[in-house]
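Enquirer: What follows is the residue order along each chain.
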Amino acid sequence: MLAKRIIPCLDVRDGRVVKGVRFANLRDAGDPVELAQRYDAAGADEVVFYDISASAEGRRTTLDVVTATAERAFIPLTVGGGVSDPDWVRTLLRAGADKVSINTAAVADPTLIERAADRFGSQCIVLSMDVRRAGPGRWEVLTHGGRRPTGRDAIAWAAEGERRGAGEVVVNSIDADGGRQGYDVTLLRAVADSVGVPVVASGGAGGSEDMYAALTEGGADAALAASIFHSGEVSVADVKRYLSGRGVLMRVV
Amino acid sequence: MIAVIDYDAGNLHSAAKGLAAVGGEPVVTSDPAVIAGADAVVLPGVGAFCDCVGKIRERGLDAPIRAYIASGRPFLGICVGLQVLFDRGLEGAGAPGLGVLPGEVVRIEAPGLKIPHMGWNSLRLARPSRLFAGIPDGAYVYFVHSYHAVSADVVATCDYGQPITAAVARGNCFGVQFHPEKSSAVGLRILRNFVELAAA
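Going line by line, the protein sequences match chains Y and P. Counting from 1, position 226 in the first sequence corresponds to residue 226 in this note's numbering; the numbering is continuous, with no gaps. Counting from 1, position 14 in the second sequence corresponds to residue 14 in this note's numbering; the numbering is continuous, with no gaps.
Think of the hints as simulated: they come from the structure by calculation, not from any bench. Where a beta carbon is used, it is the ideal one built from N, C-alpha and C, also for glycine. Any given hint might turn out to be false.
[Stated by the list, open to error] With beta-carbon atoms standing in for the labels, derived distance ranges:
id, chain 1, residue 1, chain 2, residue 2, range
1, Y, 145, P, 39, 48 to 58 Å
2, Y, 136, P, 128, 54 to 64 Å
3, P, 107, Y, 1, 13 to 23 Å
4, P, 23, Y, 136, 53 to 63 Å
Okay, chain P solo, but in the shape it has when bound (with noise of 0.2 Å):
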């Protein structure tokens, strides 16, 4: 069972149907016990840093969600999903992350590009992973957004300007910058890998 955390993100069913679609058995929840007792966690993101991570706390699921990933089971964040695990957001007035990986979520500076940074861009697999099993460097995801991590973790990038976190990895832990429900094959491949991991 992996768990699709709940947040009122938005988006989450997107996610949860991506899973779904490749074998997974995704349940959409905010219930602690549940995250605790996943075979994996995916935590969605769409919109703010502060109001992601506010809407975390709130529900007191921040503490779950350390928990979890600190038990070394899966666990893949997406696009806002993923900048929540570091240090610190630097989006409107700033914000503390969960502080599982260290670094900060930063804004794009691509000066003569359109920001926020929408649409296909081609991924750059910086480092090996399991979550990008038997996918082509170059190979076309979807991206929306307009802040990005800068972190030690990176294992794909993209270009806009300058090299974009596309995706993170240490351990078991993931966070993918794109989203990989919207990204048509080469992202259900993705979530597929993820998935596997999760039966492992």
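The shape of chain Y in the complex, shown without the other chains (with noise of 0.2 Å):
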């Protein structure tokens, strides 16, 4: 049977990892390349980038990173962050992408999920949202990074994602966001359950516990995890040997 997955995701501006990555034995800490390669090594399911450049120059760099983590990891890659046309999504795949993944720009227009699925295939089309609590049982999406409330609720958004077409929702809860208490396994449950795609838990993760809860409770598919694991407080080989001694099904290297 499938396993569940475990993923994560790195930060990228100008072809440069940011936010603190503090491995050992790294002999640059700041190369996506080079961490790509180590989270493949050890036992990372896939690995996101999220691209964060503000400028073209910085978008072709990426674009470079991209190119050279498809020679060395041999891992699913998923590149996200400001990618609002499907030739940009065509490029991001030609260059080594397996997936793409879709945020404010398709809130703006939804149907950029359609054109993009209709060109490349669901499978390679990811629904990204950042969501907020708007009150019990409620959450909002929200774009621009988390900064914009868009009205609209996170899980009719991601049904109808998966209706024009992403194959894979992720859900970023901005309340949880780097807080380390835990992923919203309320709102996971309710995404779960209103869709048939794969479902990524992202936002809140402390420790393997938090990540047994959105595997299990949550009905999440794949954790995503950014700090915990560039922090190396915990390793992806830990949270994997973790979990598979809960009894969750995991690809144990």
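Dock chain one against chain two, each of which comes alone in its own frame, and use the hints as you go.
Expert: Dropping the structure here:
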């Protein structure tokens, strides 16, 4: 049967990893290619690059990183951040990305999802959404890195994204993000119950127990995390051994 | 030299990079003469059956692929590159395949499970194959697909509500439904086995 997935996420700006990455024995902690390779060796099931470059020049540098990563890391690579037209999706896929995630631009123009999915297949189009609690059992979608409220209901948006052709939905809880108090499990369950495509939990991972909750109670198919992996305090291998020990199906290397 | 067939199907560079990482000498090409002279040929694939088989025919690559496989030299189809080897694919309106292997490519029936079958699943090695030398039963590989081949030449399956065809082999003609170029160390070992066949 399919294993649940553990996915480290790297913020990349102008070709360099930003946010504190503190690995031992790394020549250069800011090199995304080297980190992707390291996560591959540690048993990560995928790697996500989130491109936060502000300029076109930074974009091109990120593209070089995607190309170089595909030469040295042999697990699926998802690239997101500022993706707003199908031609850029094509460019990223041709450079070596396996999936491309769309966020703000899809909210602005939801047809972007079907235009991209029709051309490249649903399997490579990921709808990523930043979500904030709006009341009991209600969540709102935000855009522009979680700064701009949209009035859209998150559960309805996830279902619409699937209808339009997204092959996977990443649910990033703004309330939980960076807090390390655990994923928003209620939110995950609500999304998982309303879509038929895989759901990726994001935002709030503080440790293996949080991932266990997201993948069981939350019904998520994959758990994404950034800081707990980059800081080196928890390794992908440790997380997978822990989850496997608690009966979650994992690819343990 | 390993010819990686370019028919604008995407992901061919990933396949080429995987082969290069294990000591192969891939050349990405759509030139029938290069294919005819190769020590081994890889047909990558992502996307829909009809679309891929259509692109192969448009470029006049169907006859060169069939002729190459008939020569008995090592051939590896990946994902849709496996599927197009069969008589027929039932995706969309349905389309004839290259007819190199007998069988059809049908939609996965897995009630209650998500389609596409996407992610890491474990191999059940049904029959010995040189492609899987050194690969333990239960090893995980990465899949992304909604259709699979019904074939008498299955050498590995995985379980997804039903046994899913993961690999086929007939002589030196191999096909894998999963993506070895995205399956980490296990996938690279499989590619290395193929590269070694090509060098033998």
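Enquirer: What are the numbers of the hints that this structure violates, sorted from low to high?
Expert: none
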